[in-house]
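Trainee: In order, the protein sequence lines correspond to chains A and Y.
Take any residue in the first sequence, note its place counting from 1, add 65, and you have its number in the working numbering.
For the record, in the second sequence the residue sitting at position 10 is -6 according to the working numbering, with numbers rising by one throughout.
Quick caveat, the hints were computed from the structure, so don't treat them as lab data.
It cannot be assumed that every hint is accurate.
To be verified - With a straight-line Cα cutoff of 25 Å, these simulated SDA-like cross-link-like pairs (lysine to any residue) come out:
no.: 1; chain 1: A; residue 1: Lys179; chain 2: Y; residue 2: Pro130
no.: 2; chain 1: A; residue 1: Lys179; chain 2: A; residue 2: Asn230
no.: 3; chain 1: A; residue 1: Lys179; chain 2: A; residue 2: Leu168
no.: 4; chain 1: A; residue 1: Lys179; chain 2: A; residue 2: His154
no.: 5; chain 1: A; residue 1: Lys179; chain 2: Y; residue 2: Leu144
no.: 6; chain 1: A; residue 1: Lys179; chain 2: A; residue 2: Asp137
no.: 7; chain 1: A; residue 1: Lys91; chain 2: Y; residue 2: Tyr132
no.: 8; chain 1: A; residue 1: Lys91; chain 2: A; residue 2: Arg135
no.: 9; chain 1: A; residue 1: Lys179; chain 2: A; residue 2: Arg190
no.: 10; chain 1: A; residue 1: Lys91; chain 2: Y; residue 2: Ile128
no.: 11; chain 1: A; residue 1: Lys179; chain 2: Y; residue 2: Ile151
no.: 12; chain 1: A; residue 1: Lys91; chain 2: Y; residue 2: Leu231
no.: 13; chain 1: A; residue 1: Lys203; chain 2: Y; residue 2: Leu231
no.: 14; chain 1: A; residue 1: Lys91; chain 2: Y; residue 2: Ser68
no.: 15; chain 1: A; residue 1: Lys203; chain 2: Y; residue 2: Gly236
no.: 16; chain 1: A; residue 1: Lys179; chain 2: Y; residue 2: Ile131
no.: 17; chain 1: A; residue 1: Lys203; chain 2: Y; residue 2: Ile128
no.: 18; chain 1: A; residue 1: Lys179; chain 2: Y; residue 2: Ser68
no.: 19; chain 1: A; residue 1: Lys179; chain 2: Y; residue 2: Ile128
no.: 20; chain 1: A; residue 1: Lys179; chain 2: Y; residue 2: Asp73
Claimed, not checked - Label-pair distances were calculated between CB atoms; the ranges are:
no.: 21; chain 1: A; residue 1: Gly215; chain 2: Y; residue 2: Thr146; range: 21 to 29 Å
no.: 22; chain 1: A; residue 1: Gly139; chain 2: Y; residue 2: Thr146; range: 27 to 35 Å
no.: 23; chain 1: A; residue 1: Gln250; chain 2: Y; residue 2: Leu85; range: 56 to 64 Å
no.: 24; chain 1: Y; residue 1: Thr127; chain 2: A; residue 2: Lys203; range: 30 to 38 Å
no.: 25; chain 1: A; residue 1: Glu194; chain 2: Y; residue 2: Thr146; range: 23 to 31 Å
no.: 26; chain 1: A; residue 1: Gln250; chain 2: Y; residue 2: Ile49; range: 55 to 63 Å
no.: 27; chain 1: Y; residue 1: Met(-15); chain 2: A; residue 2: Gln250; range: 39 to 47 Å
no.: 28; chain 1: A; residue 1: Ala313; chain 2: Y; residue 2: Ser67; range: 46 to 54 Å
no.: 29; chain 1: Y; residue 1: Ile227; chain 2: A; residue 2: Ala245; range: 35 to 43 Å
no.: 30; chain 1: Y; residue 1: Thr127; chain 2: A; residue 2: Ala245; range: 52 to 60 Å
Heads up, the beta-carbon is just placed ideally off N, CA and C, and yes, glycines get one too.
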Amino acid sequence: METDKVASTHSAAPKLILEQVSKWFKTSSLRVHALDDVTLRIAEGEFVCLVGPSGCGKSTLLNIIAGLDRPDQGLVQADGQTITGPGPHRLVMFQEAALFPWLTVLGNVLFGLKLRNGLTAAEQRETTEYYLELVGLKRFMHSNVHELSGGMKQRVALARALAPNPSMLLMDEPFGALDALTREQLYGDIQRIWSQHRKTIIFVTHNVREAVCLGDRVILFSPNPGRIREEFAIPLPRLRDINSVDLARYAAEITRVLKGYVPHEVAE
Amino acid sequence: MIARWVAASLFFALLVVAWQLVVEAHIWSPVLLPSPLSVLEYLRSAVEDGTLREATVVTVRRLLIGYGLGILVGLPLGLLTASSRWCQDTIGILALGLQTLPSVCWVPLALLWFGQTESAMLFVVVMGTLWSLIIATDNGVRTIPPIYARAARSMGSTGLHTWTHVILPAALPFLLSGMKQGWAFAWRSLMAAEIFVTILTGFGLGHLLHYGRELNAMDQVIGVMLVVVIIGLAVDAMLFAPIERFLHRRWGTERP
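Same shape as in the complex, but just chain A (with noise of 0.2 Å):
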């Protein structure tokens, strides 16, 4: 089932299983096939990025991989267990922050904690406090969530799904509507949350660059109908600058392969 070299990487029992997993969506005029036979291992404490251009999937297969979403066939396990939903150790990261206005910066950290059995409200207060404090927002606890930046909104949403210490962060183009400036930041700050805390993250992107700054191994994504074409390990030592030429030589070589993959008007 798995390739060779999956296996030589990877010989410890994976923390993520997805085998010849399918998915289709049915709209008012069409069928679209999103995923088509995806098998993926994922080892415990992996940095993974799925690359590829918009409908190749990627997303899909990250909501089925929270639970948000089943799958059409295939196998799909975390920790041995099949997903059946979405689960206390998988927490996901979206594209827009998601957070909510109507709470203020604690209260959106404290959410996904109070759902916590177990935790005095003492220890639930701490921990938010830690957690905001990791990415430099502690100052802004009390702040509403529309006087935040952009990029604060989206570190304050990293600390939300931090908090309640899932084992496994998935996080959908969880950078994609910031500048860059703040980008670059950010690719500090998680690659430096991810080696202190060691989760299993899954990130999703279609910025080659960004996968390749900060994933273990990339992932490449074709679409129509989504599928796994080739994966790239990357051995560059951490952490990682997006401006370093061995890096960019990394993604050049991804972007060439990816071209051809994609008809030319999606590749621009």
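Take the given structure of chain A and dock chain Y to it, following the hints.
Mentor: Same frame as chain A, now just chain Y:
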């Protein structure tokens, strides 16, 4: 802030002066257009003999109970129509239709069904509140960005928790405008009902207005109208303004 107070006071002082000037020009008989002072005199005497207080209590109690009932029923029904297609096609369409009906139209029916009783008044107020609240709740819930519910679900929120902690607060701006509209409808329909008919169980502001007309006491009519306006403003300031301020602050929709 002070400048705004001064401007507002000045404006209303000018209105009263203009009123007095028109009275002194003797265009209309003082029976038809009483002077500001005689209206004030009526209000003073009505406060002193307790009729105004009594009527206000009767009217406001009807309004608050009816309005409360309308919200209590309308809110869950709106949530239902927003979450089930079946409810949308039944209750939703009913609400949409009845919302277009001016709530005064319920008065004759209420009198036939309940007689000249408190229940008839409450019925009219509830009918005024209910439908617009159902529509507003339904509308509010449907306009919530789906990403809120997805984010909540991914954090483990389900069922009732999602409704009370995500859907309702997210729909709050819509709920508030629905509540304001419902309030306006309820207030108007109650006044109309009270002017129409004498309700044996209580003598409200509408009745005071009605008897003012019967007795050709325009100072009473205008005085009661002023009280009705003041109650409207007071409810806005006490009930809606605090929620609105909270919404503007949290959502960041305040005008600079």
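Trainee: Compare the structure with each hint and give your call.
Mentor: Evaluated hints:
Restraint check for Lys179(A) and Pro130(Y): satisfied, since their Cα atoms lie roughly 21 Å apart, inside the 25 Å limit. Only pairs whose Cα atoms come within 25 Å are accepted, and Lys179(A) paired with Asn230(A) is accepted, the gap being roughly 13 Å. As the CA atoms of Lys179(A) and Leu168(A) are separated by approximately 14 Å, the hinted pair is consistent with the 25 Å bound. Simply put, Lys179(A) and His154(A) have alpha-carbon atoms about 15 Å apart, close enough for the 25 Å limit, and the pair holds.
The suggested pairing of Lys179(A) with Leu144(Y) holds, with an alpha-carbon distance near 15 Å, which does not exceed 25 Å. A hinted pair counts as satisfied when its Cα atoms are at most 25 Å apart, and Lys179(A) with Asp137(A) does not qualify at roughly 33 Å. Restraint check for Lys91(A) and Tyr132(Y): the C-alpha separation of about 23 Å stays at or below 25 Å, so the hint holds. For the proposed pair Lys91(A) and Arg135(A), the alpha carbon gap of about 14 Å is at most 25 Å, so the pair holds.
Between Lys179(A) and Arg190(A), the direct Cα distance comes to roughly 10 Å. Compliance with the 25 Å bound is thereby established for this hinted pair. The straight-line distance between the Cα atoms of Lys91(A) and Ile128(Y) is roughly 23 Å, inside the 25 Å bound, and the hint therefore holds. In summary, the hint linking Lys179(A) to Ile151(Y) is supported, as the alpha carbons are separated by about 17 Å, within the 25 Å threshold. For the hint linking Lys91(A) to Leu231(Y), the alpha-carbon distance of about 38 Å lies beyond 25 Å, and the restraint is violated.
Between the alpha carbons of Lys203(A) and Leu231(Y) the distance comes to roughly 24 Å, so the proposed pair stays at or under 25 Å and holds. In summary, the hint linking Lys91(A) to Ser68(Y) is supported, as the alpha carbons are separated by about 21 Å, within the 25 Å threshold. Simply put, Lys203(A) and Gly236(Y) have alpha-carbon atoms about 21 Å apart, close enough for the 25 Å limit, and the pair holds. Distance check on the hinted pair: Lys179(A) and Ile131(Y) sit about 20 Å apart at the alpha-carbon level, within 25 Å; holds.
A C-alpha spacing of about 29 Å is found between Lys203(A) and Ile128(Y), which places the hinted pair above 25 Å, so the restraint is violated. With a C-alpha separation of about 28 Å, the suggested pair Lys179(A) and Ser68(Y) falls outside the 25 Å cut-off, and the hint is violated. For the proposed pair Lys179(A) and Ile128(Y), the alpha carbon gap of about 22 Å is at most 25 Å, so the pair holds. Note on Lys179(A) and Asp73(Y): the hinted pairing is violated, with a Cα-Cα distance of about 37 Å set against a maximum of 25 Å.
Evaluation of the 21 to 29 Å hint for Gly215(A) and Thr146(Y) yields a pass: the beta carbon distance comes to about 26 Å. Gly139(A) and Thr146(Y) have their C-beta atoms about 28 Å apart, which keeps the hinted 27 to 35 Å range intact. The beta-carbon spacing between Gln250(A) and Leu85(Y), approximately 58 Å, falls within the hinted interval of 56 to 64 Å. Between Thr127(Y) and Lys203(A) the CB atoms are about 33 Å apart, so this pair conforms to the stated range of 30 to 38 Å.
Separated by about 26 Å at the C-beta atoms, Glu194(A) and Thr146(Y) satisfy the suggested range of 23 to 31 Å. Range check, Gln250(A) to Ile49(Y): about 57 Å between beta-carbon atoms, so the 55 to 63 Å window is met. Taking the beta carbon of each, Met(-15)(Y) and Gln250(A) are about 40 Å apart, inside 39 to 47 Å as hinted. Separation of Ala313(A) from Ser67(Y) is about 50 Å and conforms to the stated range, judged on CB atoms against 46 to 54 Å.
Range check, Ile227(Y) to Ala245(A): about 40 Å between beta-carbon atoms, so the 35 to 43 Å window is met. Checked against the given bound of 52 to 60 Å, the beta carbons of Thr127(Y) and Ala245(A), roughly 33 Å apart, lie outside it.
The structure does not agree with the numbered hints 6, 12, 17, 18, 20, 30 stated previously, though it agrees with the rest.
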